[in-house]
Structure formats: C-alpha cells, structure tokens
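Engineer: Please put together the full structure from these sequences, using the hints given.
There are 4 protein chains.
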Amino acid sequence: MKTTILIHCPDQSGIISYVTGFIHKKGGNIIYIDQHVDKEAGVFFMRLESDFENNIPVVKNLKQQFEEELAIPYQMEWSLHLGSTKPRMALFVSKYNHCIYDLLSRFHSGELAVEIPFILSNHADLEYIATQFDIPFHHVPNSKQNKLNAESRQIALLEEYKIDFIVLARYMQIITPKIIELFPNKIINIHHSFLPAFAGAKPYHAAFQRGVKIIGATSHYVTEELDAGPIIEQDVTRVTHAHSIKDFITKGRDLEKIVLSRAVKLHIDRKTMVYNNKTVIFS
Amino acid sequence: MKTTILIHCPDQSGIISYVTGFIHKKGGNIIYIDQHVDKEAGVFFMRLESDFENNIPVVKNLKQQFEEELAIPYQMEWSLHLGSTKPRMALFVSKYNHCIYDLLSRFHSGELAVEIPFILSNHADLEYIATQFDIPFHHVPNSKQNKLNAESRQIALLEEYKIDFIVLARYMQIITPKIIELFPNKIINIHHSFLPAFAGAKPYHAAFQRGVKIIGATSHYVTEELDAGPIIEQDVTRVTHAHSIKDFITKGRDLEKIVLSRAVKLHIDRKTMVYNNKTVIFS
Amino acid sequence: MKTTILIHCPDQSGIISYVTGFIHKKGGNIIYIDQHVDKEAGVFFMRLESDFENNIPVVKNLKQQFEEELAIPYQMEWSLHLGSTKPRMALFVSKYNHCIYDLLSRFHSGELAVEIPFILSNHADLEYIATQFDIPFHHVPNSKQNKLNAESRQIALLEEYKIDFIVLARYMQIITPKIIELFPNKIINIHHSFLPAFAGAKPYHAAFQRGVKIIGATSHYVTEELDAGPIIEQDVTRVTHAHSIKDFITKGRDLEKIVLSRAVKLHIDRKTMVYNNKTVIFS
Amino acid sequence: MKTTILIHCPDQSGIISYVTGFIHKKGGNIIYIDQHVDKEAGVFFMRLESDFENNIPVVKNLKQQFEEELAIPYQMEWSLHLGSTKPRMALFVSKYNHCIYDLLSRFHSGELAVEIPFILSNHADLEYIATQFDIPFHHVPNSKQNKLNAESRQIALLEEYKIDFIVLARYMQIITPKIIELFPNKIINIHHSFLPAFAGAKPYHAAFQRGVKIIGATSHYVTEELDAGPIIEQDVTRVTHAHSIKDFITKGRDLEKIVLSRAVKLHIDRKTMVYNNKTVIFS
Numbered sequence: 001m002k003t004t005i006l007i008h009c010p011d012q013s014g015i016i017s018y019v020t021g022f023i024h025k026k027g028g029n030i031i032y033i034d035q036h037v038d039k040e041a042g043v044f045f046m047r048l049e050s051d052f053e054n055n056i057p058v059v060k061n062l063k064q065q066f067e068e069e070l071a072i073p074y075q076m077e078w079s080l081h082l083g084s085t086k087p088r089m090a091l092f093v094s095k096y097n098h099c100i101y102d103l104l105s106r107f108h109s110g111e112l113a114v115e116i117p118f119i120l121s122n123h124a125d126l127e128y129i130a131t132q133f134d135i136p137f138h139h140v141p142n143s144k145q146n147k148l149n150a151e152s153r154q155i156a157l158l159e160e161y162k163i164d165f166i167v168l169a170r171y172m173q174i175i176t177p178k179i180i181e182l183f184p185n186k187i188i189n190i191h192h193s194f195l196p197a198f199a200g201a202k203p204y205h206a207a208f209q210r211g212v213k214i215i216g217a218t219s220h221y222v223t224e225e226l227d228a229g230p231i232i233e234q235d236v237t238r239v240t241h242a243h244s245i246k247d248f249i250t251k252g253r254d255l256e257k258i259v260l261s262r263a264v265k266l267h268i269d270r271k272t273m274v275y276n277n278k279t280v281i282f283s
Numbered sequence: 001m002k003t004t005i006l007i008h009c010p011d012q013s014g015i016i017s018y019v020t021g022f023i024h025k026k027g028g029n030i031i032y033i034d035q036h037v038d039k040e041a042g043v044f045f046m047r048l049e050s051d052f053e054n055n056i057p058v059v060k061n062l063k064q065q066f067e068e069e070l071a072i073p074y075q076m077e078w079s080l081h082l083g084s085t086k087p088r089m090a091l092f093v094s095k096y097n098h099c100i101y102d103l104l105s106r107f108h109s110g111e112l113a114v115e116i117p118f119i120l121s122n123h124a125d126l127e128y129i130a131t132q133f134d135i136p137f138h139h140v141p142n143s144k145q146n147k148l149n150a151e152s153r154q155i156a157l158l159e160e161y162k163i164d165f166i167v168l169a170r171y172m173q174i175i176t177p178k179i180i181e182l183f184p185n186k187i188i189n190i191h192h193s194f195l196p197a198f199a200g201a202k203p204y205h206a207a208f209q210r211g212v213k214i215i216g217a218t219s220h221y222v223t224e225e226l227d228a229g230p231i232i233e234q235d236v237t238r239v240t241h242a243h244s245i246k247d248f249i250t251k252g253r254d255l256e257k258i259v260l261s262r263a264v265k266l267h268i269d270r271k272t273m274v275y276n277n278k279t280v281i282f283s
Numbered sequence: 001m002k003t004t005i006l007i008h009c010p011d012q013s014g015i016i017s018y019v020t021g022f023i024h025k026k027g028g029n030i031i032y033i034d035q036h037v038d039k040e041a042g043v044f045f046m047r048l049e050s051d052f053e054n055n056i057p058v059v060k061n062l063k064q065q066f067e068e069e070l071a072i073p074y075q076m077e078w079s080l081h082l083g084s085t086k087p088r089m090a091l092f093v094s095k096y097n098h099c100i101y102d103l104l105s106r107f108h109s110g111e112l113a114v115e116i117p118f119i120l121s122n123h124a125d126l127e128y129i130a131t132q133f134d135i136p137f138h139h140v141p142n143s144k145q146n147k148l149n150a151e152s153r154q155i156a157l158l159e160e161y162k163i164d165f166i167v168l169a170r171y172m173q174i175i176t177p178k179i180i181e182l183f184p185n186k187i188i189n190i191h192h193s194f195l196p197a198f199a200g201a202k203p204y205h206a207a208f209q210r211g212v213k214i215i216g217a218t219s220h221y222v223t224e225e226l227d228a229g230p231i232i233e234q235d236v237t238r239v240t241h242a243h244s245i246k247d248f249i250t251k252g253r254d255l256e257k258i259v260l261s262r263a264v265k266l267h268i269d270r271k272t273m274v275y276n277n278k279t280v281i282f283s
Numbered sequence: 001m002k003t004t005i006l007i008h009c010p011d012q013s014g015i016i017s018y019v020t021g022f023i024h025k026k027g028g029n030i031i032y033i034d035q036h037v038d039k040e041a042g043v044f045f046m047r048l049e050s051d052f053e054n055n056i057p058v059v060k061n062l063k064q065q066f067e068e069e070l071a072i073p074y075q076m077e078w079s080l081h082l083g084s085t086k087p088r089m090a091l092f093v094s095k096y097n098h099c100i101y102d103l104l105s106r107f108h109s110g111e112l113a114v115e116i117p118f119i120l121s122n123h124a125d126l127e128y129i130a131t132q133f134d135i136p137f138h139h140v141p142n143s144k145q146n147k148l149n150a151e152s153r154q155i156a157l158l159e160e161y162k163i164d165f166i167v168l169a170r171y172m173q174i175i176t177p178k179i180i181e182l183f184p185n186k187i188i189n190i191h192h193s194f195l196p197a198f199a200g201a202k203p204y205h206a207a208f209q210r211g212v213k214i215i216g217a218t219s220h221y222v223t224e225e226l227d228a229g230p231i232i233e234q235d236v237t238r239v240t241h242a243h244s245i246k247d248f249i250t251k252g253r254d255l256e257k258i259v260l261s262r263a264v265k266l267h268i269d270r271k272t273m274v275y276n277n278k279t280v281i282f283s
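Note that the protein sequences, when read in sequence, are chains A, B, C and D.
Following UniProt numbering from start to finish, the first sequence increments by one per residue and tops out at 283.
Following UniProt numbering from start to finish, the second sequence increments by one per residue and tops out at 283.
Following UniProt numbering from start to finish, the third sequence increments by one per residue and tops out at 283.
Following UniProt numbering from start to finish, the fourth sequence increments by one per residue and tops out at 283.
Check each hint, because a few of them may be wrong.
Stated by the list, open to error - FRET-style restraints, in silico, Cβ to Cβ: (1) A/N276 - D/R238: 33 to 43 Å; (2) A/P177 - D/K251: 47 to 57 Å; (3) B/Q173 - D/A71: 50 to 60 Å; (4) B/S109 - D/H205: 14 to 24 Å; (5) D/P184 - C/L182: 51 to 61 Å; (6) B/K251 - D/K251: 14 to 24 Å; (7) C/D125 - D/A201: 45 to 55 Å; (8) C/L82 - B/I135: 54 to 64 Å; (9) C/Q209 - B/Y32: 38 to 48 Å; (10) A/N276 - D/A201: 47 to 57 Å; (11) D/Y128 - B/E115: 21 to 31 Å; (12) A/K2 - C/E224: 45 to 55 Å.
No wet-lab data here; the hints were simulated from the structure.
Backbone N, C-alpha and C fix where the C-beta goes; we use that ideal spot for every residue, glycine too.
Structural biologist: As structure tokens, this is what we get:
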C-alpha cells in the first residue's frame with residue numbers, strides 16, 4: 001500500500017536517518033524522499049513516499065508507533081496519506097468559465113487524482129458545465145443582504161460532502177473568516193497578477209496603467225488578509241505597449257488556468273507544505 | 001544618409017500618408033516604419049528609418065521643412081537623428097561590477113552604437129574596469145555632507161562631455177531632481193525586482209520574505225518618484241523554497257545585466273518613446 | 001470599411017510611399033502598417049490595415065486600380081481582405097480532444113474571428129464535442145483500403161462548404177498531395193516537437209530517449225515533405241530526468257493546444273505571409 | 001567535514017534506508033538527499049550530502065567500509081567527494097571571448113568552487129584574458145599537420161596540472177578519441193543549437209534557413225559521436241523573421257554563456273550523473 005508522509009519539525013542532526021530507519025523497520029520500502037531545511041527558522045521539512053506490504057489495520061498501528069517513536073520525541077507535526085484515498089475538492093466558481101473548464105477537462109482525462117463532489121456558484125451561469133461533466137451544482141447567491149445565510153449554506157455543503165479542500169476558480173467573492181478558519185491552507189485561489197504587485201481588484205487595469213512589460217498570475221492559499229496568503233505557483237507572459245487591457249485579459253486567461261491547475265495538482269499530490277506564510281513545494 | 005525620425009502627435013486620419021509622402025517628396029527612401037496609436041489617449045506614435053542621398057546641409061533644410069509642413073499643422077513633437085551620430089552615454093556605477101562588465105563587453109564587441117566618454121562612481125572600487133577598457137573614470141564621493149558638491153561635479157562632467165543620456169548600472173544612489181530635470185527620460189536605471197512589486201531598498205530580501213516563486217528585474221527611466229518611472233524592459237526567472245536570499249541575489253545578477261543591456265540598446269537605437277509615464281518600445 | 005492588404009514584391013526604393021500614397025488618394029485612412037525586407041532574397045513584404053469610408057462597389061473599383069497603378073508596375077503579389085468577411089475554417093481531428101477543445105472554447109468566447117462550417121474526423125470518438133458546440137460533424141474513415149475514397153469525400157466537403165483553410169488539430173493522418181495543392185499554405189498542422197528536431201512519428205518518445213531538457217511544439221503550414229513546411233509558431237517547456245514519457249505527453253498537450261491556437265489566430269487575422277518555405281509573422 | 005556521495009546501482013527495496021542507516025551509524029549527519037529511479041532501466045541514483053565530525057583518516061576508513069558493507073552487496077558504482085577539495089578544471093578556448101569571460105567573472109566572484117590551473121587555446125587571441133585573470137595560458141596550435149603533436153601536448157598539460165575535467169568554451173576543435181577516453185563524461189561542451197536540431201557546423205545559419213521561431217544552446221558531455229553526448233542543460237530564446245543571421249549569433253551568445261556556466265556549475269557541485277547517454281541532474 002502506497003503512503004505519503006509529510007513532516008515538519010525543528011531541524012536536528014540525524015533526523016533523516018531516524019525517519020528512514022523507522023520506515024524500513026516497519027517493512028516499508030521508501031520510494032521517494034524530498035526534504036528541505038529552512039535555515040533561518042531552523043525547521044526541517046520532509047515528504048516521504050513509501051510502499052508497505054501491510055494492510056490498513058497495520059497502518060493504523062503504524063500511525064501510533066510513528067507518533068510515539070518519532071513525532072513526540074522530535075516534536076514533529078506530521079500527516080500520513082494513503083495513496084488509495086483521493087482528496088475531496090469543492091469547486092467554487094462565478095461567471096468565468098476558463099479555469100473551471102481547464103480543471104474539469106484535466107479531471108476528466110485522469111490527470112487529477114481527486115473527487116469533486118460538487119460545484120458551487122453565486123450565479124447560475126455555469127450550471128451547464130456542471131451538467132456536461134455530471135457534477136452536482138449548487139447555486140448559492142451571495143449578495144450583501146444574505147451573506148450570513150450564504151456562509152451557512154456553504155459550510156453545510158462542505159460538511160455534508162466531507163470536503164477536504166476548496167478551489168476558487170475565479171470565484172470573485174470574499175471567503176468568510178469562519179470558512180478560512182475551518183480550512184486552513186486548504187483554500188486555493190487564483191489571482192490575476194504576479195503578486196505582490198497589483199493585489200486587490202482590477203489587476204489587469206492597474207498593470208496596463210503602470211505600463212509593465214510582463215503580466216502574471218498567482219495561485220495561493222487563502223488567508224484572512226486579501227491576496228496575501230502563501231504563494232503556491234506563479235507564471236508570467238510578456239506584453240507590449242501594443243496590447244490593450246482587453247488583450248491583457250485574454251492573454252491572462254491562458255495564464256490563470258494553467259497556474260491554477262498546476263497549484264491544484266501540487267496540492268492533490270500532497271506536494272505542498274506551509275510554514276511562516278510561505279510554501280515548500282516538493283515538485 | 002540614414003536618419004531616424006520619432007514623432008508623436010494627436011491621432012488623426014491620414015497621418016501616416018502625410019509623413020511618408022513628405023519623406024518621399026524630399027528624396028528619402030523609407031526603410032522601416034513603426035507606429036502605434038494609444039486609443040485611450042488619442043495619441044499617434046511613429047518611428048521612421050529613412051535613407052537620404054542628400055548631404056548634411058540639405059538635412060538641416062529638411063528639418064525646417066518638416067517643422068513647417070508637418071510638425072506645426074499636426075501638432076507634432078518630433079526629433080530627427082542622423083545615423084552617423086552616436087549618442088553619448090555616461091555610466092554611473094558603485095561597487096557591483098556585473099552590469100558594467102556586461103555593458104562594456106557589448107560596447108567592446110560593437111553591439112552598442114554609442115560613445116562612452118566617462119564612467120563615474122561614488123567609490124573607487126571599479127576604477128580598474130575603466131582602466132581595462134580605457135575609459136576616463138571620475139570618483140565623485142556622495143556622502144551626506146557633500147551631496148550638493150557631488151551634484152555640481154556631476155552636472156559639470158555631464159556638460160563638459162556633452163552627455164546625451166545616463167545609465168545607472170547599479171549606482172545605488174539617488175539622482176537629484178535637478179539632474180533628472182536636465183535629463184528627462186534620459187536616465188536609465190536597473191531595479192532588481194519586477195516592479196511595481198518590491199520598489200525601494202532590499203527587494204530580494206522582500207521577495208524572499210513574501211515567498212514568491214518568480215523574481216525579476218526592471219529597467220526604467222528615472223523620474224522624481226523612486227522606482228516609479230516609465231518601464232523600458234523587464235524579465236524574470238523562477239525560484240523555489242530551496243533558494244536562499246544569496247541565491248536570489250546570484251540569479252538576479254544574471255537578470256539585471258541582461259535587462260539593463262537590452263534597455264540601453266533600445267534607447268541607443270532610438271526605439272523608445274515616452275508618454276503618460278509609459279513607454280512605447282519599437283523593437 | 002476595414003480592409004487588410006498583404007503585399008510582397010521585389011524590394012525597391014520608395015515602395016512604402018507609393019502604397020501609402022495610393023491608399024490616401026483613394027480616401028483610405030491607414031490604421032496600421034507592418035513591413036519587412038528579406039535582404040538576402042531582395043523581397044519586400046507589407047501588411048496594411050486601412051479604413052475606407054466607401055462601400056463595397058467602390059472597393060471593387062479599388063482592387064482594379066491597385067492592380068493597374070501598383071501591382072503591375074511593381075510586380076506585386078497581393079491580396080485584399082474585407083474586415084467584414086470571416087475566413088471559413090475546416091477542423092480535422094482524430095481521437096485527441098485537447099486541441100479541438102481549446103480552439104472551440106476560444107471560438108465560442110469570440111477570440112477567433114472565423115467561421116467553422118464543419119469538423120471532420122477519421123474516427124467517431126469526438127463527435128460529442130461537435131454536438132456540444134453545435135457544429136456539423138463528418139466521419140470520414142481513412143484506412144489503407146479507402147484512402148482515395150476518403151480524399152474524394154474530403155475534397156467534396158471542402159468545396160461544398162467553401163472552405164478557406166484547414167486546421168489539423170492532432171489529425172494524425174497524412175493529407176494527400178492533391179489537397180495540399182488545393183490549399184497551398186492554407187493547411188495548419190501542430191507537430192509535437194520543436195522542429196526540426198524529432199520530425200515524424202513518436203517525437204516524445206524520441207525526445208525522452210535523447211535526454212533533452214526542453215520539449216516543444218511547432219505549428220506549421222503543411223507541404224508535401226512531412227513536418228518540413230513553413231513554421232508559424234513554436235514554444236517549449238522544461239523537462240527533467242524525473243519526467244517519464246507519460247509526463248512529456250501530458251506537459252506537451254498544454255504546449256500543443258496553445259501553439260496551435262496562436263498559429264490559427266495569426267492566420268485568421270491575416271498576419272502570416274509565406275516565402276521560400278519560411279513565414280513572415282506580423283504580430 | 002562535508003562530503004558528497006554519488007551512487008548508482010540496480011534498484012532494490014530498502015536501498016535508501018541502507019545508505020542513510022550506514023551514514024548515521026558512522027557518525028554522519030545527512031544534510032540533503034536526492035534520488036531518482038529510472039524505472040525502464042531499473043537503476044537507482046542517489047546523491048547524498050553529509051557532515052562528518054571525523055577527520056580525513058577516518059574518512060578513508062569510511063570509504064573501505066562503504067565499499068564492503070554497501071557497494072559490493074548492492075552492486076553500486078559510487079564516488080565520495082570531500083567538500084574541501086575543489087575540482088581542477090582546464091579551460092579550452094579559441095577566438096570567441098563571451099563564454100570564457102562569463103566563466104571567469106563567476107569564478108572571480110566566488111560563484112564557482114573550482115581551481116582553474118590553466119587556459120589552453122589553438123590561437124593566441126585570448127591570451128590577454130588569461131593575463132587579466134592571472135591564469136597560465138598555453139597556446140597549442142591545432143592545424144591539420146600537427147594534430148598528433150597537439151594531442152600530446154594537451155595530454156601532457158592535463159596530466160601535469162592534475163586536471164579533473166575540461167570545459168570547451170567555444171573551443172571549435174574536435175577533441176581526439178584518446179582524450180575523450182581519458183576524461184569520460186568529464187569534458188563539457190557548449191553547442192549553439194537546441195540539440196538534436198542543428199548538430200554540426202553553422203547551426204545558426206541552418207536555423208535561419210529553416211525559419212525557426214526559437215533558437216537554443218545546449219551544454220553536453222563530449223562523446224565520440226559529434227554533438228550526441230549526454231545533455232546537461234539547454235535553454236532557448238525567441239526569434240522572428242526580422243532577425244538576421246547576425247542577430248541570431250548575437251542573441252545566441254547570451255544563451256551560450258549562460259547555458260555553459262549553468263552546466264559547469266552543476267558539474268562542479270557534483271550534481272550530474274550519467275547513465276545510458278543521458279544525465280540525471282540533481283539541481
């Protein structure tokens with residue numbers, strides 16, 4: 001059985017050997033190790049893919065042994081993921097269709113090892129796409145008057161469908177602090193600028209106004225501060241004086257969908273870790 | 001004789017034909033036309049390379065005729081540059097040698113059609129490079145106490161050597177408003193971030209702190225507001241969590257020198273025009 | 001009425017002025033000029049967007065005048081396209097859906113000013129996409145035995161629907177010489193390598209075998225020699241030793257669709273000219 | 001004491017644990033592990049940075065123990081490098097100065113942890129650069145008549161100076177099979193195309209002729225077959241119809257020097273391994 005273990009802990013001598021020795025002792029074959037030391041913070045990060053011949057009850061046992069033999073003595077925060085368990089992703093959209101189309105066509109072709117129990121939108125415009133891909137669609141309007149009501153319905157759906165993480169595919173609405181707290185580093189947004197430049201509304205207009213020669217897109221985990229969460233992936237494309245704002249938007253669409261899909265894939269494959277509002281990306 | 005004409009004026013019907021017809025009538029052969037219309041501002045930009053069989057006195061005549069027949073009726077701001085006249089560039093440096101080395105080796109290999117009458121620095125460290133390339137070097141210290149004195153010496157040198165434009169090759173010092181006024185859109189700086197992100201001091205440290213996945217460099221014309229002038233050229237390179245600030249600085253050096261050299265070459269070839277704090281780049 | 005004129009002819013002094021003067025004289029306002037001189041071949045290329053206040057009968061007159069006053073004396077090959085006339089594109093596909101999806105979603109969002117009268121495939125697999133976008137689908141099998149029959153049906157369809165150009169969106173079949181002759185420089189293919197490397201079958205396998213660090217995709221006009229026609233657009237992406245052939249294919253899909261869509265847009269906007277098996281791209 | 005161990009061996013279960021356990025047992029602290037499995041070939045690759053408190057005699061002991069306890073039982077090919085030992089690099093040049101300048105300025109600024117005991121050239125043109133950087137220069141002409149003589153002098157110099165690897169910085173001469181045999185996967189060349197396209201002479205001319213939209217440069221280990229050795233690093237840049245062959249050469253120079261410097265740095269940092277004419281790059 002394939003497992004992925006993610007660890008971070010204070011950096012200390014011998015830590016790689018302790019972990020690899022433990023896995024070996026428990027009958028696991030290590031397939032791939034990634035590690036990183038943040039020297040400033042003195043923190044060690046590790047991602048470990050292993051193959052165990054054991055069955056699930058044994059793995060549960062393994063969890064307890066890991067906790068006692070490694071996690072407690074070395075002050076680790078850690079998680080273990082079974083390869084057989086696909087994370088469950090909620091897709092929040094509004095009116096733009098390029099990101100949702102790109103994600104769903106990758107999902108459809110088997111590129112993304114994920115479950116998508118539902119799509120939610122504050123408008124009904126994209127319901128037809130949910131229908132095309134045979135995924136339940138929930139229309140949860142989000143006007144000023146019914147914000148609290150919307151939050152309740154969102155939380156109810158997230159709980160009912162046992163959602164692991166949320167993807168905002170140009171959702172264009174603020175996620176409430178309560179939901180952010182329920183899904184820490186588990187809400188992925190796409191912002192249409194190379195952050196931290198042009199945070200906030202209308203970044204293409206601001207980029208045009210400033211006369212930049214390169215525009216970008218940034219996918220990040222959502223935190224309470226707008227567009228300031230840990231960056232997962234960014235990419236850019238060149239523009240010239242001859243491009244209008246409309247051209248920026250068109251070129252930007254191609255960036256947005258690719259950057260968001262890359263970030264979502266990294267998250268699904270459990271290749272992202274977060275510390276001090278920054279990501280470690282084991283790609 | 002090869003000439004380059006740069007024009008901007010209110011956009012109006014027929015303007016391309018008026019200009020091309022004028023050149024043809026005066027015995028010029030148009031080699032290359034670039035043009036751009038800023039539709040928001042209603043401004044027309046043109047760059048025109050022509051070959052005249054005439055000699056220099058005739059060209060002077062041409063200037064007057066252009067002024068009367070085109071510039072005044074169509075409210076043009078314009079300039080005419082003889083291909084035989086190389087612009088005169090002053091190079092301001094401090095302690096970093098990568099940008100000056102890159103510029104001078106391109107100059108040495110004939111890539112840049114420019115005169116470099118002198119190199120100026122607030123430190124003596126790089127005098128050896130000026131010596132290597134046989135260019136006069138002026139050490140003008142720039143401490144708090146002697147700022148005014150430094151400005152006077154700088155202006156005296158710029159005037160004495162009949163300088164056309166200034167390149168700040170990681171000069172790291174503020175250029176005084178008086179000099180900026182003397183050289184409007186004629187001072188080229190390299191800033192080590194993808195502006196407008198991380199303007200000001202220590203941009204690599206700020207980029208590291210924010211956890212960006214891409215770093216950049218920006219070459220721009222200097223205006224009174226720090227790092228806010230018209231952008232000439234930008235480029236970027238990918239970074240990961242595994243890169244330290246020192247890595248950012250090393251990777252950034254390669255960006256800085258290439259972006260600055262490209263911007264300088266565009267300026268030398270008179271392929272840049274400025275309007276509303278933005279550039280039109282005819283590349 | 002907006003028109004685009006494409007010209008190539010022997011290079012000669014004054015040619016830009018002759019053309020721009022003609023347009024002006026006929027009441028046209030030149031919006032945009034692009035030009036290029038191939039100095040080796042001594043050939044001049046021009047693309048000219050103009051706005052005429054006249055109606056269509058006048059434009060027909062214009063064509064005759066252009067022919068007499070410019071094309072004949074200056075030995076021009078030229079064409080005039082009315083902005084109101086969208087080119088008619090046939091889409092040939094096989095079993096892969098990523099390129100057709102990308103093209104049709106851009107078409108759907110108004111990015112491509114084209115008519116798509118039909119989609120043709122040698123398999124029935126992608127008929128559902130034609131249905132989704134409400135475009136007639138023709139299944140024309142292409143096995144060894146019925147190649148001639150297939151060619152006849154293809155030609156009949158191309159004529160019946162008055163097709164201007166053909167896009168091979170991973171069609172994977174050889175286009176017959178007869179059809180290539182009917183559509184010279186009007187059949188656009190996407191090849192999944194940075195040509196001329198890895199022409200022919202299975203380029204990702206060959207790239208993997210060679211151990212390249214960059215893979216690419218190339219869109220080109222189809223000529224009789226396989227994968228050797230004029231290149232319209234290319235792009236690349238980095239790979240490492242850690243990527244499998246399957247990873248190459250997945251990453252390549254993202255390249256293929258973007259490179260093909262860019263090439264198709266350039267063709268639709270009449271920004272491509274072909275000479276000596278090379279393209280001039282006025283982008 | 002810092003050490004780097006490079007291993008490749010048949011892939012087998014538990015191999016990571018065996019190695020990491022061994023290091024730990026011998027008092028080493030593992031700083032960084034990279035690994036790769038070539039699934040087709042069934043080969044395991046590993047790069048391991050460790051810190052030992054021990055002194056050099058102990059490390060010699062370590063080598064023997066590693067050989068007995070790991071290398072023999074697991075059929076490893078392996079090497080151990082002390083962090084304190086800089087590899088010794090010979091620089092072969094001809095008349096172009098951009099690559100040598102780039103390498104030496106990085107060397108000078110401390111970016112490359114290498115010794116450069118001498119520079120060799122078949123021409124005397126670049127002796128002044130060797131003088132600038134205070135490195136012995138050997139002029140070894142290489143005309144048809146004295147090829148054997150040249151080879152003897154080259155080998156004598158390589159042995160006298162105890163050279164570990166050779167960098168061909170646009171050397172433009174064929175390296176003899178005898179020298180290739182003496183330095184297997186230890187001669188680094190820069191070829192001015194994105195191999196395998198345009199192998200052999202005059203690649204920029206061939207690229208221009210073919211009308212490509214992207215040009216490249218490739219750094220590879222030299223093998224007997226010309227331009228066919230394992231690729232270490234590649235990069236590309238865009239070109240258009242407007243670029244002449246001379247422009248290709250100028251743009252290419254910037255690529256060549258950066259790609260070669262990256263490859264040399266990877267080799268110096270012992271981050272390259274070679275298998276089946278392909279490289280594993282642990283960057």
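Engineer: Hint by hint, note whether the structure agrees.
Structural biologist: Here is what the structure says about each hint:
no. : hint                        : verdict
1   : A/N276 - D/R238: 33 to 43 Å : holds, 37 Å
2   : A/P177 - D/K251: 47 to 57 Å : holds, 51 Å
3   : B/Q173 - D/A71: 50 to 60 Å  : holds, 58 Å
4   : B/S109 - D/H205: 14 to 24 Å : holds, 20 Å
5   : D/P184 - C/L182: 51 to 61 Å : holds, 55 Å
6   : B/K251 - D/K251: 14 to 24 Å : holds, 20 Å
7   : C/D125 - D/A201: 45 to 55 Å : holds, 46 Å
8   : C/L82 - B/I135: 54 to 64 Å  : holds, 58 Å
9   : C/Q209 - B/Y32: 38 to 48 Å  : holds, 45 Å
10  : A/N276 - D/A201: 47 to 57 Å : holds, 53 Å
11  : D/Y128 - B/E115: 21 to 31 Å : holds, 23 Å
12  : A/K2 - C/E224: 45 to 55 Å   : holds, 50 Å
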